[in-house]
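Guided by the hints, dock chains Y and X onto chain V, whose structure is given.
Protein chains in written order, with my numbering: chain V, 4 to 386; chain Y, 4 to 386; chain X, 4 to 386.
I should point out that these hints are in silico values taken from the structure, not numbers from a laboratory.
Be careful, since some hints might not be right.
Since copy identity is lost for identical chains, a pair holds within one copy or between any two.
To be verified - Calculated lysine-lysine pairs in the DSSO-like style (CA-CA distance at most 30 Å, straight line):
#1 Lys269 x Lys122
#2 Lys269 x Lys65
#3 Lys65 x Lys242
#4 Lys242 x Lys122
#5 Lys269 x Lys242
#6 Lys122 x Lys172
#7 Lys242 x Lys172
#8 Lys122 x Lys65
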Amino acid sequence: MIKQSRVEMRQRDLSTWPHYDAAALGFRNYWYPVTWSRRIGRRPVAVQLLGDRIMFRREQGKVYALYDQCLHRGIPLSVGRQEFPGTWSCRYHGWTYDLQTGVLRAALTDGPESAICNKVAVKTYPVEERAGLVFVWLGDGPPVPVEEDLPEDLIEPDTLVVGRITVRKGNWRYATENGYDEAHSHYLHRYGALMMLFSRNPGWIVSRNGGTMNGPWMSRTADEVGVVGDFPGLGRWPKFRFWHRLRGGPRVAVRLPSSLRVAYPKYTHYTWYEPVDTDHHRYFQLMVVHGSWLRRAMFWLTYWLYRRWIFHVQFNNQDAWMVELMPETGPERLFRPDASITAWRRLCEQARGENDAEALLERGGHVAEGGAESAEIGAIAHA
Amino acid sequence: MIKQSRVEMRQRDLSTWPHYDAAALGFRNYWYPVTWSRRIGRRPVAVQLLGDRIMFRREQGKVYALYDQCLHRGIPLSVGRQEFPGTWSCRYHGWTYDLQTGVLRAALTDGPESAICNKVAVKTYPVEERAGLVFVWLGDGPPVPVEEDLPEDLIEPDTLVVGRITVRKGNWRYATENGYDEAHSHYLHRYGALMMLFSRNPGWIVSRNGGTMNGPWMSRTADEVGVVGDFPGLGRWPKFRFWHRLRGGPRVAVRLPSSLRVAYPKYTHYTWYEPVDTDHHRYFQLMVVHGSWLRRAMFWLTYWLYRRWIFHVQFNNQDAWMVELMPETGPERLFRPDASITAWRRLCEQARGENDAEALLERGGHVAEGGAESAEIGAIAHA
Amino acid sequence: MIKQSRVEMRQRDLSTWPHYDAAALGFRNYWYPVTWSRRIGRRPVAVQLLGDRIMFRREQGKVYALYDQCLHRGIPLSVGRQEFPGTWSCRYHGWTYDLQTGVLRAALTDGPESAICNKVAVKTYPVEERAGLVFVWLGDGPPVPVEEDLPEDLIEPDTLVVGRITVRKGNWRYATENGYDEAHSHYLHRYGALMMLFSRNPGWIVSRNGGTMNGPWMSRTADEVGVVGDFPGLGRWPKFRFWHRLRGGPRVAVRLPSSLRVAYPKYTHYTWYEPVDTDHHRYFQLMVVHGSWLRRAMFWLTYWLYRRWIFHVQFNNQDAWMVELMPETGPERLFRPDASITAWRRLCEQARGENDAEALLERGGHVAEGGAESAEIGAIAHA
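For reference, chain V alone in the conformation it holds in the complex (with noise of 0.2 Å):
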């Protein structure tokens, strides 16, 4: 028996969102981006992703996706070799298996006879590329368009998407509602970020609502913004210096499954916080600008000269150092502007096949007609 502190506070509790609470590992049947088109080629790349191990491969320009286990042993299908066009062999015993489909086409150290054969699927992924990043679908049933799940924006002619892609620690959901959050933004990045050197956000903004939808996104509005207080008993807050300018309000608007977008004047900035385990998200920045040959060339400079270094890294360094101090389990005590907090989690009960159980049962029917599903096919030879 070892004795509690006697700290009382009231603890995070997630149950009157019981989707949300259950979604540790982010929310299936949605398209997720998984990483540059550029990254995929020949070579096996291993990604974990809502909790499966994931190896994508190129080949003769298409990328195919297979869960990254062999059904003889378990060893990684990602460490195997490829022995046949259109197929990729376990590095163990030479289990070969069809990269579109995931049938087991030959067991090479079984002979060509091998009863196993065709009997037997390692799960596959649909595999979409858009804006020079591939997208998986991670679903129960059939994907829908890739389209309904990207921002328009991204795939739009004439445009430039740069960014960064990198693996945090947290697990997403705080991740994501630190990007939806109001306040931190008011606070967090006041001090010490170089992107707010010239110019402060206001004190706060009152809200009457967490968000107002507007197709998939759902934005914070701002019915009411407090440039500077006076605090009773303590003096007035924000102090602005005479380089400040004050910044703009909230134009920050979230989706499901988990991703944010900020409209700037020069770019729109997109986000993803993706669960990799329940512990660590990947964290996708990327700048989406349009224009002619020459606008996207000049940006493209001016983000490897400095926005990256001042925005991507050191600005959002800042959120990363608060969602990695934020323990798996504590205390919560939720202030008016967390409103946009609880909308999101409220937006979340809805997310895609989480509330209809019968719409996914019948989309589970053109599985198999889908040929994307991992499935016994039949009996095994060997038992």
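Same frame as chain V, but now just chains Y and X:
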């Protein structure tokens, strides 16, 4: 099912001393030393003590202690900032707590009208400074006077306190038992310690009991001293060389919650074995000297010239070695000299507040006045 | 509640072989190799074996083994000292054990009259030395003759034994299965191994059964050898180049508790996959050569010139790679060549003492005479 090793050994079992058994994180309701006074300045210092994470910070000469977690989202307050005198603000959203009472004075990013202000409070801890050290009260009720838990020696005038504070591996109980343990000093420290180059302990001591009380201190008694003996079938032990001087008997005393006193001719040695978490303790090694300015200056010089290295580092590293090697669950079979250990365990059953639940409850009645207790003050604005 | 990945794969399930399933720490009641004889001198060597921590030490030419934990407070005896010939003393309080019987001969810091002497004993293990190696009996009853558990080959005169002893990751069962596994040698070692630069295995072997017994050894049988084949819809495999010589069929045998024999033209190769803990095994790779002094000297030279590097290091590192990648829980779906693995698992169900509880009890009757058993000898002085 994993097969057990068939080695049968009597396992350690503390159930005879249930409060001691439960005290993996130590005994609350005592004053504990934290660090040197000079180490606490305006920059917060985060310390873990008896499992509690506490932030210490000095303002206007006074040291304050807050439970190191914001009530809002759980971010450590020790990474925060100061916005107004007498308060401390969380780095994430600017929740601003009163240093003295822990009451939430402002939630900056919710504006001056925020409804949550003065409704909640973070736990604070009573703090005192004596003899160049900071002490904190870890208890559920109001503190006793700090002098009750301090060796008088420490707070006399003309006192020099020098020493070393480190965090070591191993539960605090193994370290305290090692400190008060008679027998290990006759064997462990006999070999390899520079401090024993010219002297040797006797081979063994026979005690009729494990300790006699003298105020709060329990001292080992020596009823019979065995300098050297003839072990049947083995031979004589221990060996003394001509350059070895026989050292005296035990001058060791222990007191609750976990400190040791050893009287040496030129100074008194005080030790605290303070629980950090269940597997680490903070080890205070303090030499206390009284007298003229010159005497103290000379002692300070010899401490830094050699005493620190041959005593606090090399000699006591032998103890740390044993405490680290002590298995969390493992064998225990006590022998006659361990009467000192069982006496200490019995003493622990009398720890303050452990056997007087009613007295504690009564003291609890003063909590509201004490003002040092974390409590829900009122309802919360945003549920 | 965390959502499961919906990937469905048949999971490894050893319940068909309950003794094997339970043997995560190996089979007791066998002699196991420990290390090279020349590695055990007067300084104790601590070794973990089948989960037991054992201290080995040589005195007057004989090797002794004690369970590596003092009965008193659990400190490892291997950090101890010697005070009297034929005994070993714990570093903490000088409890002094007889090396041969484990009986407590003295508790030095309790004086020569200590009542606990001769009342308790630490477990000791029977030890033998053969062929330049130390062997230990890990069993509950008295040992069988060590020759029963040793390949005869190893103890003939004019024998050279050279090799490598390392601790590797992975449960001993994965390593032993990999050793006796027929099929992986046709695929895993085909590529990238220097040893296979000028030779190639056939593509596959068909066995009517997984092994036939020959004394304690079970050998794989080859009923049909497939050198190269035409795989439907894929093509011919494997590819042989003009510089590739076809290597012969299987010459592999396995025996309980966990050793392998492979007969090569110039030497015999013996391997032990010895359980350390549930996730590590000690890997003995031994080449055994007989003959004249010159023949053995020449082989010793070639071993250190190249055999060690291309076989024991580079070739067997391919095996270690797979054993490390084997998931603790994960998929398993056996195919025809895995008949060798199921035959080995069946053999394990016959491991010594696993199915003959009565026989074991009978042997247990001799324990008191054997003197190698740890046991409570009498009552303890200080309770």
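Evaluation of the provided hints:
1. Lys269 x Lys122: neither (55 Å within a copy, 43 Å between copies)
2. Lys269 x Lys65: Neither way: lysine 269 and lysine 65 sit 33 Å apart in one copy and 50 Å across, limit 30 Å.
3. Lys65 x Lys242: The answer is between: 27 Å across copies meets 30 Å, while 55 Å in one copy does not.
4. Lys242 x Lys122: between (70 Å within a copy, 26 Å between copies)
5. Lys269 x Lys242: within (28 Å within a copy, 58 Å between copies)
6. Lys122 x Lys172: neither (40 Å within a copy, 33 Å between copies)
7. Lys242 x Lys172: neither (33 Å within a copy, 46 Å between copies)
8. Lys122 x Lys65: within (25 Å within a copy, 60 Å between copies)
Checked against the numbered hints above, the structure breaks hints 1, 2, 6 and 7 and satisfies the rest.
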